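Undergrad: Residue numbers (this note's numbering), protein chains in the order written: chain A, 8 to 438; chain B, 8 to 438.
Note that these hints are calculated values from the structure, not bench results.
Note that the coordinates shown come from a computational prediction; the quantities given were computed from them, not determined experimentally.
We put the beta carbon where it would ideally sit given N, CA and C, even for glycine.
Incorrect hints may have been included.
[Said to hold, decoys possible] Non-contacting residues of chain B with respect to chain A, defined by C-beta distances greater than 10 Å in every case (computed):
| id | residue |
| --- | --- |
| 1 | GLU178 |
| 2 | VAL244 |
| 3 | ALA373 |
[To be verified] As a list, the in silico PhoX-like pairs of lysine-lysine whose alpha-carbon atoms are at most 25 Å apart:
| id | chain 1 | residue 1 | chain 2 | residue 2 |
| --- | --- | --- | --- | --- |
| 4 | B | LYS133 | B | LYS275 |
| 5 | B | LYS133 | B | LYS219 |
| 6 | B | LYS217 | A | LYS185 |
| 7 | A | LYS185 | A | LYS217 |
| 8 | A | LYS217 | B | LYS185 |
| 9 | B | LYS219 | A | LYS219 |
| 10 | A | LYS185 | B | LYS185 |
| 11 | B | LYS114 | B | LYS133 |
| 12 | A | LYS275 | A | LYS133 |
| 13 | B | LYS185 | B | LYS217 |
| 14 | A | LYS133 | A | LYS217 |
| 15 | A | LYS185 | B | LYS275 |
| 16 | A | LYS133 | A | LYS114 |
There are 2 protein chains.
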Amino acid sequence: MTQPSIAGIGAHVDREVTLRGWVYNSRGSRQVRFLILRDGTGMIQCVGGLADLGEERFAALAALTQESSVSVSGRVRTEARAPGGYELILSDFALLGASEDYPITPKEHGIEFLLPRRHLWLRSRKQHAVLTVRATVIAAIHEFLQREGFLHVDAPIFTPSAVEGTTTLFEVEYFGDKAYLSQSGQLYNEAAAAAFGKVYCFGPSFRAEKSKTRRHLTEFWQVEPEMAFADLEDTIVLAENLLEFVAARVLERHRGLLAGVLERDVAKLEAVTAPFPRVHYDEAVARLREAGRDFAWGGDLGAEDEAVLSEQFDRPLHLHHFPVEAKAFYMAPDPQDPRCSLSVDVLAPEGRGEIVGGGQRTDDLAFLEAQLEKHGLPREPYEWYLDLRRYGTFPHSGFGLGIERTVAWLTGRRHIRECIPFPRLMRSISP
Amino acid sequence: MTQPSIAGIGAHVDREVTLRGWVYNSRGSRQVRFLILRDGTGMIQCVGGLADLGEERFAALAALTQESSVSVSGRVRTEARAPGGYELILSDFALLGASEDYPITPKEHGIEFLLPRRHLWLRSRKQHAVLTVRATVIAAIHEFLQREGFLHVDAPIFTPSAVEGTTTLFEVEYFGDKAYLSQSGQLYNEAAAAAFGKVYCFGPSFRAEKSKTRRHLTEFWQVEPEMAFADLEDTIVLAENLLEFVAARVLERHRGLLAGVLERDVAKLEAVTAPFPRVHYDEAVARLREAGRDFAWGGDLGAEDEAVLSEQFDRPLHLHHFPVEAKAFYMAPDPQDPRCSLSVDVLAPEGRGEIVGGGQRTDDLAFLEAQLEKHGLPREPYEWYLDLRRYGTFPHSGFGLGIERTVAWLTGRRHIRECIPFPRLMRSISP
Chain A
8 MTQPSIAGIG AHVDREVTLR GWVYNSRGSR QVRFLILRDG TGMIQCVGGL
58 ADLGEERFAA LAALTQESSV SVSGRVRTEA RAPGGYELIL SDFALLGASE
108 DYPITPKEHG IEFLLPRRHL WLRSRKQHAV LTVRATVIAA IHEFLQREGF
158 LHVDAPIFTP SAVEGTTTLF EVEYFGDKAY LSQSGQLYNE AAAAAFGKVY
208 CFGPSFRAEK SKTRRHLTEF WQVEPEMAFA DLEDTIVLAE NLLEFVAARV
258 LERHRGLLAG VLERDVAKLE AVTAPFPRVH YDEAVARLRE AGRDFAWGGD
308 LGAEDEAVLS EQFDRPLHLH HFPVEAKAFY MAPDPQDPRC SLSVDVLAPE
358 GRGEIVGGGQ RTDDLAFLEA QLEKHGLPRE PYEWYLDLRR YGTFPHSGFG
408 LGIERTVAWL TGRRHIRECI PFPRLMRSIS P
Chain B
8 MTQPSIAGIG AHVDREVTLR GWVYNSRGSR QVRFLILRDG TGMIQCVGGL
58 ADLGEERFAA LAALTQESSV SVSGRVRTEA RAPGGYELIL SDFALLGASE
108 DYPITPKEHG IEFLLPRRHL WLRSRKQHAV LTVRATVIAA IHEFLQREGF
158 LHVDAPIFTP SAVEGTTTLF EVEYFGDKAY LSQSGQLYNE AAAAAFGKVY
208 CFGPSFRAEK SKTRRHLTEF WQVEPEMAFA DLEDTIVLAE NLLEFVAARV
258 LERHRGLLAG VLERDVAKLE AVTAPFPRVH YDEAVARLRE AGRDFAWGGD
308 LGAEDEAVLS EQFDRPLHLH HFPVEAKAFY MAPDPQDPRC SLSVDVLAPE
358 GRGEIVGGGQ RTDDLAFLEA QLEKHGLPRE PYEWYLDLRR YGTFPHSGFG
408 LGIERTVAWL TGRRHIRECI PFPRLMRSIS P
């Protein structure tokens with residue numbers, strides 16, 4: 008007797024199988040019980056009849072509680088009315104591990120109740136769906152970048168200095184010294200691009216941000232591609248091609264989950280085709296003012312500004328040429344318009360805002376040295392970074408894409424805390 | 008005129024191309040110069056003749072220094088004697104970024120010189136080869152596990168408690184509280200396995216180990232698969248199939264790099280086929296004593312013990328059934344022999360030692376509670392972990408595989424610091 012997974016049950020129709028999993032739900036009458044079994048790969052309805060099982064076994068079946076682990080044996084049938092299209096006609100079953108008073112019942116629970124129970128909440132249908140999409144997003148990113156010739160080169164987590172200012176850094180005691188947790192692999196990627204041409208790092212990043220918004224985690228994952236001999240245009244094209252690929256892959260694999268379980272309007276994702284619209288920062292300022300927002304030229308956009316802009320388009324948009332002051336010290340200025348940097352953010356549509364930030368980095372040693380001074384950054388920890396301009400400097404560009412923000416947009420989750428298995432928030436690092 | 012990469016130059020034979028990259032080496036006579044250009048994807052010999060270029064351009068070509076960035080144009084020819092099999096007959100070139108006194112010259116440098124210059128050292132042929140293999144190892148692991156039905160589910164980095172004792176934890180200031188950097192995603196994987204069946208996490212792990220051995224980094228990457236309804240045997244088979252797949256993939260993609268650049272004996276890797284030999288802990292003790300080592304039953308093996316054992320086999324070996332005391336508190340005891348745990352380490356051959364550690368986790372609530380007490384671990388931070396035994400407990404098993412140790416073994420590097428782009432050691436976190 009084979010032990011297939013529920014996801015692969017279609018290959019076993021009219022055969023006797025044994026499945027192991029957990030009781031997701033159970034209902035029935037005095038004659039027949041319908042038990043929804045989940046094994047992590049899917050769910051299947053198991054039908055147990057009083058006539059088949061006998062009184063004692065039938066009573067034991069009826070007594071199985073939510074999230075008890077069980078082994079069930081029976082015959083697989085096609086059943087159009089059952090969730091998933093198949094059901095199992097039970098011939099036998101065994102309780103493996105009981106579950107008394109499982110806290111997450113089918114009724115609605117608030118986030119304050121669910122977050123501390125994240126280790127169990129993961130078993131729920133929607134959370135399962137979101138994190139399944141997340142895994143597909145990550146795999147699609149690796150696949151796309153490797154196909155495009157990018158080499159996966161990890162950036163370090165422990166860093167002696169900050170990439171983008173020091174106010175949101177986590178500090179670690181490092182053998183009697185201080186180290187910081189990486190906020191971005193950007194600087195290291197530039198060294199790697201000089202060695203490997205096209206690279207990307209993929210890992211966790213950390214920001215000690217006190218803002219408790221629905222778009223912030225203290226620990227989030229990002230992918231950061233970087234290309235040697237590439238400019239702002241190359242980065243814009245790479246970002247839109249990557250996002251188009253990821254959205255198409257998610258639709259291809261998970262249309263049912265998106266529409267059925269997550270109630271996502273999949274038409275919105277079908278619209279995600281390159282090229283994306285492009286909006287110059289100057290135009291963005293005009294659009295914001297036209298929309299009644301009091302926005303001064305020179306600063307970065309806030310979440311609400313981004314929401315206003317991104318509501319105006321049916322797909323992600325490139326917001327480019329931010330003022331030099333609004334971006335990190337390493338961003339290259341536009342030679343045609345030195346007020347502005349060769350930078351780009353991609354804003355996800357439907358009011359969601361930034362999911363990508365990037366652009367062309369300066370390859371000019373003197374400019375970079377001046378920027379360090381202007382930003383009040385110490386020189387010594389950046390000497391190695393300056394070396395990249397001393398020894399064969401090269402135009403290069405790239406970006407960072409936030410995984411959880413991307414998943415939140417694709418799956419239609421309001422808060423990114425549901426888009427990572429174990430969210431770390433200012434007030435919560437448990438479980 | 009197309010701008011191909013050097014890796015793809017074979018498709019452009021007899022055509023005019025422009026390449027951009029860095030001068031790896033330059034030599035020649037008064038009539039002809041041979042310049043080795045690298046672009047990150049490969050190297051190609053560029054030939055510049057005095058007759059073709061004229062005196063001024065030829066002198067400028069001869070003056071190009073190591074690691075200057077350049078643009079070169081010319082015709083691609085097949086040339087069996089050139090490294091890579093092709094060469095470029097230069098018609099024109101341009102210096103993009105000069106490089107004065109590049110510190111890493113073709114002569115031998117010591118590790119004390121190279122480590123602080125890691126950002127440049129990455130450009131060297133051997134380091135480039137090792138990290139190319141590393142990327143292939145990582146991609147192969149994702150591919151294998153996904154093909155086997157594992158879902159990628161990330162474990163958190165910030166944790167409120169230690170998985171395996173508290174002596175090697177890095178402490179982080181977390182908004183006025185304390186957090187720790189994860190040493191393993193193990194406990195979180197178990198929650199994920201209950202939700203998704205077969206899962207793996209892939210990320211950095213941190214150990215504040217003071218040991219300055221060639222097998223330790225303070226920041227290393229590991230993959231940790233975990234399976235629901237699986238036992239020790241399942242984990243042993245998964246580990247050997249994964250390692251066989253990874254070794255075969257590395258050989259398939261990088262035979263030339265391994266044999267040519269890294270001087271690796273590829274026959275050693277061809278021997279990596281499953282099943283691997285299995286050695287019970289009791290047998291290991293006997294073998295160690297026979298080899299003249301004074302080893303007492305009950306403890307974990309040291310690096311030298313592992314070296315002795317792993318020298319005795321031509322492929323990785325499973326060392327299984329460690330004493331309960333020698334392993335983490337969550338490891339299941341063997342019902343047939345409660346002195347021993349259902350644990351396994353995989354030792355890489357050629358004296359290298361542990362690259363995998365894993366086994367079956369206890370699914371018995373009472374045993375786990377007793378273990379917490381025995382190990383002096385506080386109860387409260389583990390309540391959520393105990394929940395996994397309260398609500399539908401299930402047999403499960405898995406392991407952790409260290410990426411850098413695996414890459415060191417496959418590429419024949421003595422020290423794992425060369426097997427990660429930016430190694431973090433007790434005394435060094437820069438660059």
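Undergrad: Run every hint past the structure and note whether it holds.
TA: Hint-by-hint comparison with the structure:
1. GLU178: GLU178 (chain B) is in fact no farther than 10 Å from some Cβ atom of chain A, at 5 Å.
2. VAL244: Holds, because the least Cβ-Cβ distance between VAL244 (chain B) and chain A comes to about 15 Å, which exceeds 10 Å.
3. ALA373: Non-interface label stands for ALA373 (chain B): nearest chain A Cβ at 13 Å, farther than 10 Å.
4. B:LYS133 / B:LYS275: With a Cα-Cα distance of about 19 Å, the restraint between LYS133 (chain B) and LYS275 (chain B) holds, given a limit of 25 Å.
5. B:LYS133 / B:LYS219: Status holds; Cα separation ~23 Å.
6. B:LYS217 / A:LYS185: 16 Å, holds
7. A:LYS185 / A:LYS217: Judged against 25 Å, a Cα distance of about 21 Å means the pair holds.
8. A:LYS217 / B:LYS185: The given pair, whose Cα atoms are some 16 Å apart, holds under the 25 Å limit.
9. B:LYS219 / A:LYS219: 40 Å, violated
10. A:LYS185 / B:LYS185: 15 Å, holds
11. B:LYS114 / B:LYS133: 14 Å, holds
12. A:LYS275 / A:LYS133: 19 Å, holds
13. B:LYS185 / B:LYS217: 21 Å, holds
14. A:LYS133 / A:LYS217: Between LYS133 (chain A) and LYS217 (chain A) the Cα gap is close to 28 Å, so the pair fails against 25 Å, i.e. violated.
15. A:LYS185 / B:LYS275: 42 Å, violated
16. A:LYS133 / A:LYS114: Holds: LYS133 (chain A) and LYS114 (chain A) sit about 14 Å apart, inside 25 Å.
Comparing the model with each earlier hint shows violations of hints 1, 9, 14, 15; every other hint is respected.
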